Every structure is written in C-alpha cells, then in structure tokens.
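Generate coordinates for the entire structure from the input sequences, incorporating the hints supplied.
So you can see what is in the structure, the chains are spelled out below.
Protein chains: 2
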Amino acid sequence: MNHSEYLGYMAGIITTLSLLPQALKILSTRHTRDISLIWAIAMNIGVILWLLYGLARQDPPMIAANAFSLILLMTILLLKLRYG
Amino acid sequence: MNHSEYLGYMAGIITTLSLLPQALKILSTRHTRDISLIWAIAMNIGVILWLLYGLARQDPPMIAANAFSLILLMTILLLKLRYG
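Chains as they are written, first to last, in my numbering: chain W, 1 to 84; chain P, 85 to 168.
No lab work stands behind these hints, which were simulated from the structure alone.
It is possible that part of the hints are untrue.
[Said to hold, decoys possible] Chain W is faced by these chain P residues, among others (derived, beta-carbon under 7 Å):
1. I119
2. W123
3. A126
4. N128
5. Y137
6. A148
[What the hints assert, rightly or not] Not the full set, but computed from the structure, chain W residues with beta-carbon under 8 Å of chain P:
7. L7
8. K25
9. T29
10. H31
11. D34
12. S36
13. M43
[Stated by the list, open to error] Here are the computed distance ranges between Cβ atoms for each label pair:
14. W:E5 - P:I122: 23 to 33 Å
15. P:T113 - W:Y6: 37 to 47 Å
16. W:T75 - P:L104: 20 to 30 Å
17. W:M1 - P:I129: 15 to 25 Å
18. P:Y90 - W:S28: 35 to 45 Å
19. P:L108 - W:T29: 17 to 27 Å
20. W:I45 - P:H87: 16 to 26 Å
21. W:P21 - P:I155: 18 to 28 Å
In this text, all values refer to a predicted model and were calculated from it rather than measured experimentally.
In this text, a Cβ means the ideal position worked out from N, Cα and C, and glycines have one as well.
See below:
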C-alpha cells in the first residue's frame, strides 16, 4: 500500500465512522428534528455515485469507504423518515 | 472530460450541496441538538484527508468537492459549537 492509499483509507475510515455516533445519537434520543431530510436523501444518492466513481477508477479506499457509508446513511435516512 | 470524471463531478456536486440545506436549516432554527458533535468534528478532519488524497491522486472532482464541502462543514461545526 503506497502513501496516498494509506491517506485514502484514513480519510475513508474517519468519514465513515463519523456517521456511527450520528446514527447512535438518533437511536438513543429518537429525535431527528434538527437533521435536514434533504441532506439525508442527497447524501445517500451522492454516496452511491461516489461508490460508482470509485469502482470506475478502481480505487479501493473510495469503494470501501462509500460502501460502508451507504449502509450507515441508509440507516440514518430511515430513522429520519421514522422520527421526522 | 471522460465518463468517470463526469460521474465524480455529479457525486461531488450532490454530496457537497447536501450540506447546504443542513447549514440553512440550522441558521433558520438555531437548533443543533440532534446533530452529533462527533460527526461534525470527524467529518471536518475526514474531508481534509479526502482533500489531501484527491491532491495526491490529482483527482479534480475529489479536490473540488472536498474543498467546497470543507467550507460548509466548518460552518456547520461552528454553528453546532454555538448552538450546542
């Protein structure tokens, strides 16, 4: 693994894991009022496109980060739709 | 511009612009209680790393998207710190 790939994995781990405390916060409070629905929808669409871009560029850090982020973003979107 | 670069710009525009309604929502309600502080901090750090990765890979869509996202994420973080 070269230096830039290491940087990409670090970036991917941090931005992906950042979604975990957000999802856990919602699960604990059951409040999503301050979270923008447009943000949640657009992030899901955008991350699907980043994933396709990562696949097109054959970029392992981008593929891994966006695949895991998508799972967490779908969870957050479903929670937002549920709790409003 | 080739097909994958077009995909990257689309992804970047959507994920970057997704932060705008979130920032505007906070500015309008002055409420950030449901937004995770850890998410806001980690996203700022992670997007700085994605920006450096984009520069290392000389990837124009990644550089542009992460530079603009960082401005909006810094705004959201400052608002979160202000409104709690």
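Evaluated hints:
no., hint, verdict
1, I119, "holds, 5 Å"
2, W123, "holds, 4 Å"
3, A126, "holds, 3 Å"
4, N128, "violated, 9 Å"
5, Y137, "holds, 4 Å"
6, A148, "violated, 13 Å"
7, L7, "holds, 5 Å"
8, K25, "holds, 5 Å"
9, T29, "holds, 7 Å"
10, H31, "holds, 5 Å"
11, D34, "holds, 4 Å"
12, S36, "holds, 4 Å"
13, M43, "holds, 5 Å"
14, W:E5 - P:I122: 23 to 33 Å, "holds, 26 Å"
15, P:T113 - W:Y6: 37 to 47 Å, "holds, 40 Å"
16, W:T75 - P:L104: 20 to 30 Å, "holds, 23 Å"
17, W:M1 - P:I129: 15 to 25 Å, "holds, 21 Å"
18, P:Y90 - W:S28: 35 to 45 Å, "holds, 40 Å"
19, P:L108 - W:T29: 17 to 27 Å, "holds, 22 Å"
20, W:I45 - P:H87: 16 to 26 Å, "holds, 18 Å"
21, W:P21 - P:I155: 18 to 28 Å, "holds, 23 Å"
The structure fails hints 4 and 6 (numbered hints given earlier, in ascending order).
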